[in-house]
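Numbering-wise (my numbering), the sequence shown opens with residue 1 and increments by one.
It should be emphasised that the hints constitute simulated quantities derived from the structure, not laboratory data.
Among the hints, erroneous ones may be present.
Calculated lysine-lysine pairs in the PhoX-like style (CA-CA distance at most 25 Å, straight line) [as the list claims (entries may be wrong)]:
1. Lys222 with Lys130
2. Lys188 with Lys98
3. Lys42 with Lys98
4. Lys95 with Lys49
5. Lys188 with Lys27
6. Lys49 with Lys98
7. Lys193 with Lys257
8. Lys222 with Lys193
Okay, the calculated beta carbon distance ranges per label pair [unchecked claim]:
9. Glu21 with Val256: 51 to 59 Å
10. Asp48 with Val256: 30 to 38 Å
11. Tyr50 with Glu247: 24 to 32 Å
12. His221 with Lys18: 23 to 31 Å
13. Lys18 with Leu239: 50 to 58 Å
14. Ala19 with Glu213: 16 to 24 Å
15. Leu217 with Ala19: 30 to 38 Å
16. Tyr20 with Asp243: 52 to 60 Å
17. Glu237 with Ser185: 44 to 52 Å
18. Asp48 with Ser185: 31 to 39 Å
Keep in mind the model is a prediction, meaning the values are calculated, not measured.
Glycine is no exception: its CB is placed at the ideal position from the N, C-alpha and C atoms.
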Amino acid sequence: MEAKQHQDAASAAAEPIKAYEDLQFLKSEECRGVRLQLEFMKPDIFMDKYRVDSTIVIFGSARTLPPEVSQQRLEQAERDLAERPGDESAQAAVKHAKRLVLDSYYYQLARDFAALVTRECQSRDCQNLKFVVLTGGGGGIMEAGNRGAADMGGISAALNITLPFEQCPNPYITPELSFLLHYFSIRKMHFLKRARALCCFPGGYGTMDELFEALTLVQTHKIAPMPIILFGREFWEQLINWDVFVERGLISPGDVKLFTYCETPEEGWEAIVKFYS
């Protein structure tokens, strides 16, 4: 009996694992190319399956809060300050909370824009413009984009990314079109593969990275021209002095025409319709 158990254990230990079932092998350095290919294939296959051919991509900060949430945080910060009026950290918290309340305007703007896009693309008068909202899948502006599409009963897609800190998918994404990627490079390819417009709201390094890559690819004719819309002119002009690029000869004067400013959902949608009319 003991000999048989030993034989069975030895046989099990020697049992080879199929390559596609061997996670340790698939996660190895040598299989990086396979992983890259799989990350490209899965979203591509599922978007084709659900007939997502053209997307309106919405970029922006994951830290932007919904108006009601930002207001609640401000009220809590003010209560904390009332209990500790001389506390510098409490004072700083109130100041930060007030900033979040102001910036929550862009959450609502992105939500309203995504709702408008989805509603218009569902209408019979818009047969040639069947766009689906696509975001990075996280919170903030990304959540607002998916939420606006859901408000209209429409589908929306998202390309989430693994990060050192947890970024959970927001609850407004169409489940079958919610993807988790590991490689930023493949994520960027998917953002642009079906994009018919890129809409940027205030954001941080990630938003700047996505914006400038798109501008570079259009500038160098690597991708076809498309509307690149910056929502909130005041923010963008305060952040980036585009004239310096031109004055120093770092870009051509025509390169600043690769994007347009918009302030309202209606302006954004009109810019897209005009481009494709």
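Against the structure, the hints come out as follows:
no.	hint	in the structure
1	Lys222 with Lys130	holds, 24 Å
2	Lys188 with Lys98	violated, 33 Å
3	Lys42 with Lys98	violated, 42 Å
4	Lys95 with Lys49	violated, 48 Å
5	Lys188 with Lys27	holds, 21 Å
6	Lys49 with Lys98	violated, 44 Å
7	Lys193 with Lys257	holds, 22 Å
8	Lys222 with Lys193	holds, 12 Å
9	Glu21 with Val256: 51 to 59 Å	holds, 53 Å
10	Asp48 with Val256: 30 to 38 Å	holds, 36 Å
11	Tyr50 with Glu247: 24 to 32 Å	violated, 47 Å
12	His221 with Lys18: 23 to 31 Å	violated, 44 Å
13	Lys18 with Leu239: 50 to 58 Å	holds, 52 Å
14	Ala19 with Glu213: 16 to 24 Å	violated, 34 Å
15	Leu217 with Ala19: 30 to 38 Å	holds, 35 Å
16	Tyr20 with Asp243: 52 to 60 Å	holds, 54 Å
17	Glu237 with Ser185: 44 to 52 Å	violated, 30 Å
18	Asp48 with Ser185: 31 to 39 Å	violated, 21 Å
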